[in-house]
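Novice: Chain by chain, the residues:
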Amino acid sequence: MIELRNVSKIYPGLPPVEALKEVSLHIEKGEIFGVVGVSGAGKSSLIRSVNLLEKPTTGEVIVDGVSLASLSPEGLRDARRKIGMIFQQFNLLESKTVFHNVALPLYLSGKKKKDVEEKVMELLTFVGLADRAEHYPGQLSGGQKQRVGIARALATDPHILLCDEATSALDPDTTKSVLDLLQRINTDYGITILLITHEMDVVRNLCHQVAVLDQGSIVEQGTVYDVFTNPKSQTAQRFVRTIFQQELPKSIQNSLKEQDHVLRVVFTGENANQPLIAETIKKFQVNINILQGNITELQGKPFGDLLISIHGSTKEIAEVIHYLQEKQVSVEEVKSLGF
Amino acid sequence: MAFDWAVFWPQLIDGILATLIMVIVSLAFSVLIGFPLGVVLVVTRPGHILENRIVYAILSTIINIFRSVPFIILLVAIIPFTRLVTGSSIGTAAAIVPLIFYAAPYVGRLVENSLLEVEPGVVEAAQAMGATPWQIIWRFLLPEALSSLFLAATIATIGLIGASAMAGAVGGGGLGDLAITYGYNQFEVRVIVITVVLLIIFVQLVQSLGNYLAQVVRRK
Ligand SMILES: Nc1ncnc2c1ncn2[C@@H]1O[C@H](COP(=O)(O)OP(=O)(O)O)[C@@H](O)[C@H]1O
Ligand SMILES: [Mg+2]
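As you go down the protein sequences, you meet chains D and P in turn. Per the numbering used here, residue 1 is the first one in the first sequence, and the count goes up by one each step. Per the numbering used here, residue 1 is the first one in the second sequence, and the count goes up by one each step.
Derived from the structure by calculation, the hints contain no laboratory data. Treat the hints with care, since some could be wrong.
As the list claims (entries may be wrong) - In silico EDC-like cross-links for lysine to aspartate or glutamate, where the CA-CA straight-line distance does not exceed 16 angstroms:
hint : chain 1 : residue 1 : chain 2 : residue 2
1    : D       : LYS96     : P       : GLU51
2    : D       : LYS55     : P       : GLU119
3    : D       : LYS232    : D       : GLU165
4    : D       : LYS55     : P       : GLU51
5    : D       : LYS96     : D       : GLU134
6    : D       : LYS315    : D       : GLU333
7    : D       : LYS176    : D       : GLU165
8    : D       : LYS21     : D       : ASP214
9    : D       : LYS327    : D       : ASP260
Predicted model only: the values in this text are computed from it and were never measured.
Let the sequences and hints guide you as you build the complete structure.
Specialist: Given below as structure tokens:
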């Protein structure tokens, strides 16, 4: 559906900025694909290359089997009508009503007035703003503005929706409701969604697949479940920790004794439901203290991430680690607690 | 020689009419020329929808040249051209030509500024939905800049009222001409006061109208 082949983007200047380095991505039809990265990682450059708002310096962008760079200006405009886009700052026309904003893409393609009216009201109803049709964006909240942005992006019946930090300007509650709306767009209309964000929570709540972008390169990619439960790159690990592991409170760090060993224990799938910690304590007669824990669900599968301290001899601890690993639990000794 | 009010009043009416004609006609032509100039200046900027360094540099330079010539010099410098167009170098019609030369580049810059105030994200959204450059200009840039454009027009009009009074000094007719003929040459202070008060009223009216229109279309 969307394919990026070795896409590089260099912004000329002194010095030139290499925003994307040989990025390759494959996004399947119907998928919700998230790209996560810190500010400046190249996320906007990446998403903007998908509808050629930004021309890649090298590499190819293929959407629905067509290489966008090969199209005429006219052809590119037609292709863009099938790729909706929403923005962090909404980018609505402040001088026009909600109705007019949503109708604009339809006016552009010369639709009849009556058809436009029907379509716009249908879209506004879908995003829950039918009663705001005659309001101006200045009279709406951030969440409502983004709903208008979404309705506008859907007006031309796109196959793809690009979301550039669509919830980054919104508070958590509003973010949740906009994410629910995006979810519905995906399930009800089968629209493929590519979103970029610096918030791991957005990826966790919405995405099927995720790619981690770091300084213009994709350092990790996979299903949300795999990347969250077993992040391999340092960048991915840091992102996963932003939601699953906070730094241990100082008081807890200080209460740890010299001979305490701290382990990170990650349960996935089946074993997340088993009382493994309790069994371990019984079996080995060691003291286990749960310092921090997070048991949650990812894409409908349970997942637990615990930080425990064990008091015992080196031999006992080695046995415990061995036992847990036998149960298909990932165990890792944590050396420094400062993360 | 005593001041003859009976002669003066009809001349004042003529002066008002001449000023109005000079301002309105030169404003109309200046907008006709300056508006497209301003639009082209914006869309040919680096990174904009019709980026073209050469067109931008040429237009920008020409505008700067005209803008750096003081009006009173411009008035004299283009007399040959004025004569060619209007058949004369004095009179109201002849004053309109230098006024256009003066105001059109100015309007160009004002329009450029107004359009630059539009959020770049709006243009980006327009491109993302497949709008043509023409559609981006008419359906996105101009409506979003409308309020600011009304204020720009106000500034241009007031500038033209001032300049038209100066054009009067070289025989262009209008209120400036009256002020010079009676007030300066014949030391008739009352005429100066009357013309200045009238000019102030014009400026106030234009400013209020401009503010009102800008307010009506602003939706923020
Ligand atoms: N138009 C531009 N000109 C020059 N440098 C740019 C431009 N756009 C982005 N950059 C640079 O490219 C890098 C990646 O930017 P961006 O894609 O916006 O990252 P992100 O969206 O992840 O914050 C940054 O270093 C940024 O400063
Ligand atoms: Mg960005």
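Novice: Run every hint past the structure and note whether it holds.
Specialist: Going down the list of hints, with the structure as the test:
no. : hint                 : verdict
1   : D:LYS96 to P:GLU51   : 27 angstroms, violated
2   : D:LYS55 to P:GLU119  : 21 angstroms, violated
3   : D:LYS232 to D:GLU165 : 24 angstroms, violated
4   : D:LYS55 to P:GLU51   : 14 angstroms, holds
5   : D:LYS96 to D:GLU134  : 9 angstroms, holds
6   : D:LYS315 to D:GLU333 : 14 angstroms, holds
7   : D:LYS176 to D:GLU165 : 14 angstroms, holds
8   : D:LYS21 to D:ASP214  : 10 angstroms, holds
9   : D:LYS327 to D:ASP260 : 23 angstroms, violated
Hints 1, 2, 3 and 9, counting from the list given before, are not met by this structure.
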